[in-house]
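K.L.:
Take the sequences, apply the hints, and build the full model.
Note that the working numbering gives residue 474 to position 474 of the sequence shown, counting from 1, and the numbers run on in steps of one.
In case anyone wonders, no lab produced these hints; they're calculated from the structure.
Note that CB positions come from ideal geometry on N, CA and C, so glycine has one too.
Be careful, since some hints might not be right.
Simulated pairs of lysine-lysine, DSS-like, Cα-Cα distance not exceeding 30 Å [said to hold, decoys possible]:
hint	residue 1	residue 2
1	388	399
2	399	264
3	278	264
4	278	430
5	430	388
6	399	278
7	339	264
8	278	20
9	339	399
10	264	388
11	339	430
Across the chosen pairs, the derived CB separations fall in these ranges [unchecked claim]:
hint	residue 1	residue 2	range
12	305	282	54 to 60 Å
13	247	166	39 to 45 Å
14	97	340	47 to 53 Å
15	158	321	34 to 40 Å
16	268	239	40 to 46 Å
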Amino acid sequence: MEDGLHTPEEYAEGRQSTWKLLFLIRLTLSASIGGLIFGYDAGVISGASLFVQAIVGAIVGAAIGGWISDSHGRRTSILVADLLSIVGAIIMAFAPVPRVMIIGRILMGLGVGILSMASPLYISEASPTRIRGALVGTNWLLYTVGNLLFYLTNLAFTKAPGTWRWLVGVGGIPALVQLILMFLLPESPREEEAVDILLKISPQHEVSKVVESLKALRENKIANPIVLHSRSMQMKECVALTNRGILTGILYHMSQQYWAVSMKLVLYRTATGFASNKMVLLALPLVTSGLGVLGSIVTITFVDRIGRRPMMVLSVLVTFLLQFVLVPTFMAFGNHPSKYVLLCVGAFIFSYSTGIATVAWIVSSEVYPLRNRGMCAGIAAVSYWVFKLLVNPLFLVFKNSFGPDEAMLLFAPFSAMTGAYVMLIIPETKRLPLEEVENMLIRLLESEKKPIESSQALPVPDSARSRPRTCQAGGAR
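P.N.:
Structure, rendered in structure tokens:
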């Protein structure tokens, strides 16, 4: 630029950057509607008699979604989920008898289960490295928006005849919108025809690195730092790498649902304390959802600057300390709690949302081998739904056996373990390309191995030295 004037090349580059940004925003918001459907449905089933059927459907959906994602692509799995959600919502809205309602509920659960793993995976693979955490976090942000939307819809149709039919019917609208928008988007760019797609969303230098990594993986030209003496040994390393990624995803989702039990105890204790104040009881779900939205916004603002692990550890630490503040506060005020109690409860919900709730889904979309990312994400999502199925029974057992205050104190020491395993086991994936995340996991596996005595080491054939350092990418979509 000279004398304040842009050259044609600079103007063209600026215009291209603007179009890339707009395309990336459209892609992220379109895929994140899956989070909106997920969150809205979570509100629907929270007080429904068909809770178990919905969760079982989601478990099956997450498992099927992993296979569809690897065999037919992430976008295809989202489209299938949208169709299931639309059909399920229509059946539930017009169900003449309970049996038909159950069929619709299971179909809706299948769709939500697929979306729970496919949407973050699609966004993760289509995102530029430097802002991947924020874009994947947008999916959970829309989850919290969907949850808030449910409670607002519930209020809007409170006096309408057949309220529950309106509630379940509205849930099919976002699925229809996403179905249309996803038809206009490309498949996830981690595949052979990726260049054109990547150029729409990422800088040229990032595209070059990704394409070179994928090409090297397929042609087996990356030197292998792990000693592989045979093809069976290579398979063992790939299985170990896959298991490490799955374990990471499962541990995050387990901690997420563990804290959900604590959350239910806190909200139950708050509701019983304010039982005589109808205004507080009416506002509590809305405030809870609103704080979830605010916490998610904070997460997507800082997760790519601070990192996944620090945000998770900070969230765990604050919620851990707040438990020891809340319990004596509840005990002191009894059934006549003050505004101070509401302030502490709000801080607990906000802290949970900024790390534990959101970061789990971000990391769970990043830590799997390229070859079978869909399958791994599906297994992790299955664990999420299984643990979610256990939340209500655990809540009831602890509440009835010990009382809500004592149960919170019992949960508190175990919460420290959550932060400990994050620091000791979970890798930091901030600003790492997905291909490099896989290499980092391999290096972690190598560092965890016991040293092999040189006298017992087998000679390494030349052919083994040329094998890839990662599980070969086999058409991840």
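K.L.:
A separate judgement is required for each hint: does it hold in the structure or not?
P.N.:
Here is how each hint holds up against the structure:
About 17 Å separates the Cα atoms of residue 388 and residue 399, which keeps this hinted pair within 30 Å; it holds. Taking the CA atoms of residue 399 and residue 264, the gap is about 10 Å. The hint holds against a cut of 30 Å. A hinted pair counts as satisfied when its Cα atoms are at most 30 Å apart, and residue 278 with residue 264 qualifies at roughly 19 Å. Distance check on the hinted pair: residue 278 and residue 430 sit about 45 Å apart at the alpha-carbon level, beyond 30 Å; violated.
A hinted pair counts as satisfied when its Cα atoms are at most 30 Å apart, and residue 430 with residue 388 qualifies at roughly 28 Å. Our distance criterion of 30 Å between C-alpha atoms is met by residue 399 and residue 278, whose separation comes to about 23 Å. Simply put, residue 339 and residue 264 have alpha-carbon atoms about 19 Å apart, close enough for the 30 Å limit, and the pair holds. Proposed proximity of residue 278 and residue 20 is contradicted: the alpha carbons are some 49 Å apart, above 30 Å.
Proximity of residue 339 to residue 399 is assessed by CA-CA distance (about 24 Å); at most 30 Å being required, the pair is judged to hold. Between residue 264 and residue 388 the CA atoms are separated by roughly 12 Å; this keeps the pair inside 30 Å, and the hint holds. A distance of roughly 38 Å separates the Cα atoms of residue 339 and residue 430; the hinted pair therefore is violated under the 30 Å criterion. In this structure the hint that residue 305 and residue 282 lie 54 to 60 Å apart at CB is violated, the actual value being about 37 Å.
For the pair residue 247 and residue 166, the beta carbons lie near 42 Å from each other, so the given range of 39 to 45 Å is met. One distance hint, 47 to 53 Å for the beta-carbon pair residue 97 and residue 340, holds here, with the actual separation near 50 Å. The hinted range of 34 to 40 Å is satisfied by residue 158 and residue 321, whose Cβ atoms lie roughly 38 Å apart. Distance hint check for residue 268 and residue 239: the Cβ-Cβ separation is about 43 Å, which falls inside the suggested range of 40 to 46 Å.
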